[in-house]
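Chemist: Spelled out, the chains give:
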Amino acid sequence: MAELDRRDFLKLVSVSAGGAAAAGCSDHVEKLIPYVVQPEEIIPGKAIQYASTCLECPAACGLHVRTREGRPIKLEGNPEHPVNRGALCALGQASIGRTYHPDRYAKPRLRGAGGAYEEIGWDKATALLAEKLGAAGGRVRALTGELGPTLGSLFDRFLAAAGSSGGRLHYEPFGYEALREASRAVFGAGVRPIFDLEGADFVIDFGADSLETWLSPVEHARQIESAREVTSAEGREARLIYVGPRLSMTAGNADEWLPAKPGSEGILALAIARVAFDAVRSAGRPVGGDPGLLEGILAGFDAESVASRSGVPAETILRIGRAIAQAKRPAALPPGVALTSRRATATTAAVLILDAVVGAIGTTVLLPAEAAAAPEPASFREILKLVDAMASGQVAVLMLGGVNPVHSLPPGAGFADALAKVDFVVSFASLPDETSERAHLILPDHTPLESWGDAAPQPGVRSLVQPSVRPLFDTQALGDSLLQVGRAMGDSVAAQLPAGSFRSLVEAAWSGTDFRAALIRGGVFEAAPRGGALPVAASAARIEFKLPQFEEAGPYLVLPVPSPLLHDGRGANLSWLQETPDPVTKVAWQSWAEISHETAKALGVERGDVVAVETGFGRLELPALPRGGIRDEVIAIAIGQGHTVGHYASHDAEGRAGEARGVNVIALLPPLTDESGGRAWLTARAKVTATGAHARIAQLQFTDNQRKRQLAESVSLAALAAGDGAAHGEAHGGEHGSHEIRRPYDPVNDAVPESPYRWGMAIDLDRCTGCSACVVACSIENNVPQVGEEWVLRGRQMPWIRIERYLGDGEADLENGRRRPEDREKLGDVDVRHSPMMCQHCGAAPCEPVCPVLATYHTPEGLNGMIYNRCIGTRYCSNNCPYKVRRFNFFDYQIESWPEPMRLMLNPDVTVRGQGVMEKCTYCVQRIETARQDAKNAGHPIADGAITPACVQTCPTHALQFGNLKDPQSGVNQRIEGNPKRAYHALHVLNTRPGSTYLAKVSRGAEPEEGGHS
Amino acid sequence: MFLACLLVALAGGAVGLAALLPDRADADETLVAASVCEAHELRARQAEDPSLQIQIPPEFDSPWPTRAACLSHAAAMDESTPGPIQPIQFSHKHHAGLYQIDCQYCHSGTDRSPVAGVPSVELCMGCHKQFPPTYDELEGIRTLKDHWKLQTPVEWVQIHRLPEYVQFQHQAHVRKGIACQSCHGKVEEMDKVYLVPDTKWWPWLLPTQKLEMGWCIQCHRANGASQDCVTCHY
Amino acid sequence: MTPPPAESVAAMIRPVPRAPDSKVNRDLLAVMEGASLGYWALLGLSVAFVGLAGGIWIYQVYKGLGIAGYIHPVFWGAYIVTFVFWVGIAHAGTLISAILFLFRAKWRNAINRSAEAMTVIAVLTAAQFLGIHVGRIWKSYFILPYPNQRGLWVNFKSPLLWDTFAITTYATTSIVFLYVGLIPDLAIARDRAVGWRKLLYSVLSLGWQGTSRQWKSHNRSVLHLSGLATPLVLSVHSVVSWDFAVSIVPGWHATIFAPYFVAGAIFSGFAMVLTMMIPVRRIYGLEGYITNYHFENMSRFILLTSIIVAYAYGAEYFMAWYSGVESEQTAFYRRAFGPYWISTWTMILCNGVFPQLLWFKKLRTNVPFLFVLSVLINIGMWFERYVIIITGLSSEYDPAAWGIYTPSWYELGIVAGSFAFFAHLFLIFLKIFPVVAIAEVKEIAIHERSHAHAGEH
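Protein chains in written order, with the numbering used here: chain A, 5 to 1018; chain B, 25 to 258; chain C, 368 to 824.
Wrong hints could be hidden among the right ones.
Said to hold, decoys possible - DSSO-like, lysine-lysine: derived pairs with alpha carbons at most 27 Å apart:
id: 1; chain 1: A; residue 1: LYS50; chain 2: A; residue 2: LYS35
id: 2; chain 1: C; residue 1: LYS565; chain 2: C; residue 2: LYS798
id: 3; chain 1: B; residue 1: LYS224; chain 2: C; residue 2: LYS506
id: 4; chain 1: C; residue 1: LYS524; chain 2: C; residue 2: LYS506
id: 5; chain 1: B; residue 1: LYS169; chain 2: B; residue 2: LYS153
id: 6; chain 1: A; residue 1: LYS940; chain 2: A; residue 2: LYS50
id: 7; chain 1: C; residue 1: LYS390; chain 2: C; residue 2: LYS565
id: 8; chain 1: C; residue 1: LYS473; chain 2: C; residue 2: LYS798
id: 9; chain 1: A; residue 1: LYS50; chain 2: B; residue 2: LYS200
id: 10; chain 1: B; residue 1: LYS234; chain 2: B; residue 2: LYS210
id: 11; chain 1: A; residue 1: LYS111; chain 2: A; residue 2: LYS136
id: 12; chain 1: A; residue 1: LYS35; chain 2: B; residue 2: LYS153
id: 13; chain 1: B; residue 1: LYS173; chain 2: B; residue 2: LYS153
id: 14; chain 1: A; residue 1: LYS691; chain 2: A; residue 2: LYS830
id: 15; chain 1: A; residue 1: LYS970; chain 2: A; residue 2: LYS940
id: 16; chain 1: A; residue 1: LYS389; chain 2: A; residue 2: LYS136
id: 17; chain 1: C; residue 1: LYS506; chain 2: B; residue 2: LYS234
id: 18; chain 1: C; residue 1: LYS473; chain 2: C; residue 2: LYS728
id: 19; chain 1: B; residue 1: LYS200; chain 2: A; residue 2: LYS940
id: 20; chain 1: A; residue 1: LYS35; chain 2: B; residue 2: LYS169
id: 21; chain 1: B; residue 1: LYS234; chain 2: A; residue 2: LYS35
id: 22; chain 1: C; residue 1: LYS506; chain 2: C; residue 2: LYS430
id: 23; chain 1: B; residue 1: LYS210; chain 2: A; residue 2: LYS35
id: 24; chain 1: A; residue 1: LYS830; chain 2: A; residue 2: LYS712
id: 25; chain 1: C; residue 1: LYS798; chain 2: C; residue 2: LYS390
id: 26; chain 1: B; residue 1: LYS224; chain 2: B; residue 2: LYS234
id: 27; chain 1: B; residue 1: LYS173; chain 2: A; residue 2: LYS35
If you're looking for bench data, these hints aren't it; they were derived computationally from the structure.
Please build the complete structure, drawing on both the sequences and the hints.
Modeler: Listed below in structure tokens is the structure:
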């Protein structure tokens, strides 16, 4: 803070005459406060990593928590963890913000008579809850999120001890209940199948959004993209096909997109299965079940009839059917949240039958034994039962942990009203949300970074959660709270509970293993029992495959889309996720309604016009965003916004407390289940009308037309095989192009030829899915401020890296450049190019010569250095940067966007930029310098791979690679040399000779071409 | 220059001690020591003029704390000498100078970390808990023990401070064998540490003060170290 | 400027005390006397606006440049636009004083003083915008190449640095030029003034006695200064134009920029002279000295430069089309038909089309028309800079990073303040210094008389 005073002082000096004389008085006393007892593993100034587990979603990726002086400053993936192999998604990256969130509950809270909360001590809180539980006479229920085996079982034991009748329900808004039910119906195995796409060569995704939120997105993204690695013959043959009504992020990464009628995925799968069935049989291979049985099931799903009902041409069905039958490791993925209709179980079953027919069961689709299976969330029906119980006053005490049903349950379910009928509601939330704000008593839990715990996301994976920071506030681990309360309830209860603290409980649970090793590795990882190839059971014949019905209120089908960033809304109170634009529409901080251009014309609305969406269950108003990549009858709205509580989730930060940010699409949906009691989302048609109002959409990219400027290139598989590629396109001037590619540090541009290093990056557009994890990782590593909706609307966002999304090569014709162009999406067109754009560290950088004070200059190692304290803010460098990657500190963001205690998570290795200076990507120079120092200490040159910038480190698909371009053996060079036909420089015509080399996306087409691997 | 400072420090110490002494009414009265430090002082004065009659009560007749310790302790809290008063009357001269404790014994990060690090209270107590109780007469020792009892850290006043946009690597300099003194001055001769002024005339006969950029650069030049901006600014 | 015959000089410079003062002196010095209520009102208004702008600026320094309308990627805005505008205005003065002097264009004498004053004031106004524009004004001294303990130097490759030198040089030269020209008139004023003015003029006139020796050196210095100033007329705005020309921004990096900007500068400079002098002449009844003949000559210049500027507009579009560079073409297409079409067409009409009316002598000599036209031209020239800078930046190479800029009210406040700043300095100048070069006017008169005399024989 003193620092800020100094800066303000200087400003005043600058505007006041004779200030220079006084400038000397501005220094202040800085304190050095050492440890009382210094833990020997801590060396001040050095980062330490603790292995832990990300608890943001049930996938449970492994973490390495980077800490400095006992404070976590960055989360990175645990390379040893089998789920994520070192990568993290955007949500996981941002989750560090929970610990330092300005909203955090500092102490237990009790709601007073007036409804206002007062902070109370833990003793009082514990005693109070104990008393209430004692008085409840067993009418105690609990609703929690995924807690992990140890805490989960402790909670159940606690409830049993407290005499609870109903016990605890594990509630996941995205429960995927249909998966288990379908596999029971099809194979008679009541377990949720596990999808292992390692090496899969034909993946058909029936709306699973497998790269975004479905089950284990980081894992699936890695598996799919590495299976399609184009340098390998199999990779060239591998295909990803997407079925769904909207050009989602996953669809944009597919090789083919079938915009089938929503709800028809099931019959489409059966039609494909039928074609495949015949092909497989004629090939004399097993068909995954009793042929007669299957024939019976598949009868009546011939391509022609299904074509008319699904809107997918018959020949396409036939082609895909034959292709998937030939595939060695095919996989069909059932629908995700957006497409779980009231026939979700049947639809999922149909997809599983397809899997069975093509022999995917046991290879890519695993059905482990019941015992080994991961814990399942309760079905939606059970949740609704609980709500009824609450409403009918059968629940005296309700315990809530890690869930926000008020936001994530449809209003029709009546949870809020039922909650009011519960005598005593206790919440263990550590951050306020709509539900916790309705509780009588709040016993704040530690955040995951402060807690002990464990997770068992899949068979063979036991992942450990260990604290990496002493609790910032007067909070208590949920487990300890339960133990305390239990003991306060008297010996009878205490006797049934384990002794000691929750930490000792975790150790006990891991007693079978080498606990120290587990702490270091992050858990215990063994080869999972994969389960055999179960045949299709006779019960499958009883499933009836029909198109789902919808609650009719109008012509437009409401498609509730899980947000790739906010997930089900749990990410909404993390500023990084709010400010990172949606990977598809590039909208930040807001809600929007995606409709087709046709629909927009029909409604007479344009981009930003506010439309009213009305179902029989709710009404919402939000700005329309017309686009080409969506079916006319569908209106898609992202799940996750619409919170009324939270510093970032709502408008609290702007001083408009209680005002919702965006809209909550769930408010439009009826509380309906599918055949087997799972939650149904795709349930309602809506009436959409223009309101006449207009809203500004905070869209960070206006056009997806790159005007043939070779920013995001692609090369067809055929061209690749034929031996000409992006780098050799006529525009690039043949050989010359490739020559430029290989040597961005040509002596003519290399300031210091004798320097052993020239840092550079390879960016593989064929692997980049656009998930934006790198954007969040970069912002957190480099203390990049988040400026908020108001300023994003005025183009003041600060990210050092952005994901540009282009469709095809674009059109250069001028009329297109005239006004803000419409998007170029078309149904079925999947030529989407996600291109990470950050400072290219040009060898001949246009920004360098124009800086009057040499604040930006070229380092001997090829970096484009940016010296903040030399910058006077003429902003000429940004004007002259063709990539537009430079950002300007228009305000003193140290004050504007780091509310307490968030400044505790600032990275001490990176200067926090003050007002009036430029900033940009530095290739994480602080990591380069650290690696250099370590290498020096060890007495050898910097090893390849010793430096991983934050974006490279977190990329789930390994699309980015960093290293020394002057070392021919370096990974980055190998990568570039290995893809000479795809390597190119963005905007190479400007001859900026960037250090970042792009590898063109490969457009594979629907089928493997002949000679694909010659 | 350093010597001058040193003399000032000693003089200051003497003044401080003089203050401790009872003012003498007339010559032939025996002076009674009221503390071990005072006993040391009286003995010293008696050595100067034997006529002086002194009396050392047995409880103060102990070699500990030593006279040097007493002087350094007094000097460390002398406001008339340069440098800020620290929360503890800690004398680098006594520890690093007289007892020749290696800098890195306490500032252990210097050769493996960007920051030197300030010793924890525990590290101080490592030695001081073995000291005879008479040492508690020194206020500094008592303060230290209180911190240890209450488990509260010592809030030292920072003396050598670089702006937040400068990234300094202690390990790089120490491992290259740059003496601590070349930036911090002859700390082993200071009872109270202060920023020893140092002016280099570089470049073009421009004066550059200690810890200013030019002051760093001239040394980097002289030793052929990197002068690339991002070496220190990022 | 040949020295006038000594006796005539004596006659005009040392009037016999009690003898009636020459009409010229009375007329021209009358301007400096007794301010009317309207004058004070005008002065007060402009000072108020300057104060307002100052307040905004201090707030901006404290809060941050964010209060301006900048939007990624448009990081230069109204401040730079106005900077270039005022530098342009500053050109007529030197041109009239230096070049026309060298070409012995007699008609300049009536207007050169006001033009020179305008130059100085405009440069001072422009210079402030460099400071207003930067993000950290409290560090802006970094841009000066002064030896420092850090051992850091400035980047002579950067056009912004060239700018700094160009502007300072131009300011110095034009101030000296103005002052040297003033000396004889100050002496006249001195001889008639009383009180503080007496003191002021005595000091400033450097003891001018009008001896032929003084005249000789005076004339020589004026001659040499003109020689020095002439290249500046071309250099200053060329350098300013290179701020844009040497960058790689589509619509900026054009070789035509230097002549294009210089012509534009002279164009706007003359327009501003008209805008200022027409009211002054009207109010102080100087019709006898600033005649329609002067205005007509200026109109001729305006017409000429307007044609050059219009040609430049055409050339830019031609080159965009002829180069076949898509990004260039897009930039220019958006200029004319994109979000900034209003600015573009304003500029084309005001600078390229309306001035063509000056082909008609009737209009060239129609003072009200000239006034309206000159105002329109000033508007047009401000928009020319707006169009070049903003449209260039708003749609560059990466379509994913295009943005639409609109100035914020704070910015416009400061821009308005700059006009007020210009106005109030000019008003003060009116009252303190002779707005028409008395000595030179007389000189002309004497010449004409002597020629007439010779004709009789």
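Chemist: The structure should be examined with respect to each hint, and the outcome stated for every one.
Modeler: Consistency of the hints with the structure:
A distance of roughly 20 Å separates the Cα atoms of A:LYS50 and A:LYS35; the hinted pair therefore holds under the 27 Å criterion. For the proposed pair C:LYS565 and C:LYS798, the alpha carbon gap of about 14 Å is at most 27 Å, so the pair holds. The hinted pair formed by B:LYS224 and C:LYS506 meets the criterion: a straight-line CA distance of about 24 Å does not exceed 27 Å. Between C:LYS524 and C:LYS506 the alpha-carbon distance is near 20 Å, which keeps this suggested pair within the 27 Å criterion.
Using a Cα cut-off of 27 Å, the hinted pair B:LYS169 and B:LYS153 holds, with the two alpha carbons roughly 8 Å apart. Note on A:LYS940 and A:LYS50: the hinted pairing holds, with a Cα-Cα distance of about 15 Å set against a maximum of 27 Å. A hinted pair counts as satisfied when its Cα atoms are at most 27 Å apart, and C:LYS390 with C:LYS565 qualifies at roughly 21 Å. With a C-alpha separation of about 26 Å, the suggested pair C:LYS473 and C:LYS798 falls inside the 27 Å cut-off, and the hint holds.
The suggested pairing of A:LYS50 with B:LYS200 holds, with an alpha-carbon distance near 19 Å, which does not exceed 27 Å. Distance hint between B:LYS234 and B:LYS210 is fulfilled; the C-alpha atoms sit about 14 Å from each other, no more than 27 Å. The straight-line distance between the Cα atoms of A:LYS111 and A:LYS136 is roughly 20 Å, inside the 27 Å bound, and the hint therefore holds. About 26 Å separates the Cα atoms of A:LYS35 and B:LYS153, which keeps this hinted pair within 27 Å; it holds.
Between B:LYS173 and B:LYS153 the CA atoms are separated by roughly 12 Å; this keeps the pair inside 27 Å, and the hint holds. Straight-line distance between C-alpha atoms of A:LYS691 and A:LYS830 comes to about 24 Å, which keeps the hinted pair within the 27 Å bound. A C-alpha spacing of about 19 Å is found between A:LYS970 and A:LYS940, which places the hinted pair at or below 27 Å, so the restraint holds. Among the hinted pairs, A:LYS389 with A:LYS136 is consistent with the structure: their alpha-carbon atoms are about 23 Å apart, no more than 27 Å.
Pair hint C:LYS506 plus B:LYS234 holds up; C-alpha atoms about 22 Å apart against a cutoff of 27 Å. Simply put, C:LYS473 and C:LYS728 have alpha-carbon atoms about 20 Å apart, close enough for the 27 Å limit, and the pair holds. Of the pairs offered as hints, the one joining B:LYS200 and A:LYS940 holds, with about 10 Å between alpha carbons and a cut-off of 27 Å not exceeded. About 20 Å separates the Cα atoms of A:LYS35 and B:LYS169, which keeps this hinted pair within 27 Å; it holds.
A hinted pair counts as satisfied when its Cα atoms are at most 27 Å apart, and B:LYS234 with A:LYS35 qualifies at roughly 20 Å. For the given pair, C:LYS506 sits about 16 Å from C:LYS430 by alpha-carbon distance, which is consistent with the 27 Å threshold. With a C-alpha separation of about 22 Å, the suggested pair B:LYS210 and A:LYS35 falls inside the 27 Å cut-off, and the hint holds. Annotation: proposed proximity of A:LYS830 to A:LYS712 holds, straight-line Cα distance about 18 Å (limit 27 Å).
Of the supplied pair hints, the one linking C:LYS798 and C:LYS390 holds, its CA atoms being roughly 19 Å apart against a limit of 27 Å. Of the supplied pair hints, the one linking B:LYS224 and B:LYS234 holds, its CA atoms being roughly 8 Å apart against a limit of 27 Å. For the hint pairing B:LYS173 with A:LYS35, the CA-to-CA distance comes to about 21 Å; that is within 27 Å, so the pair holds.
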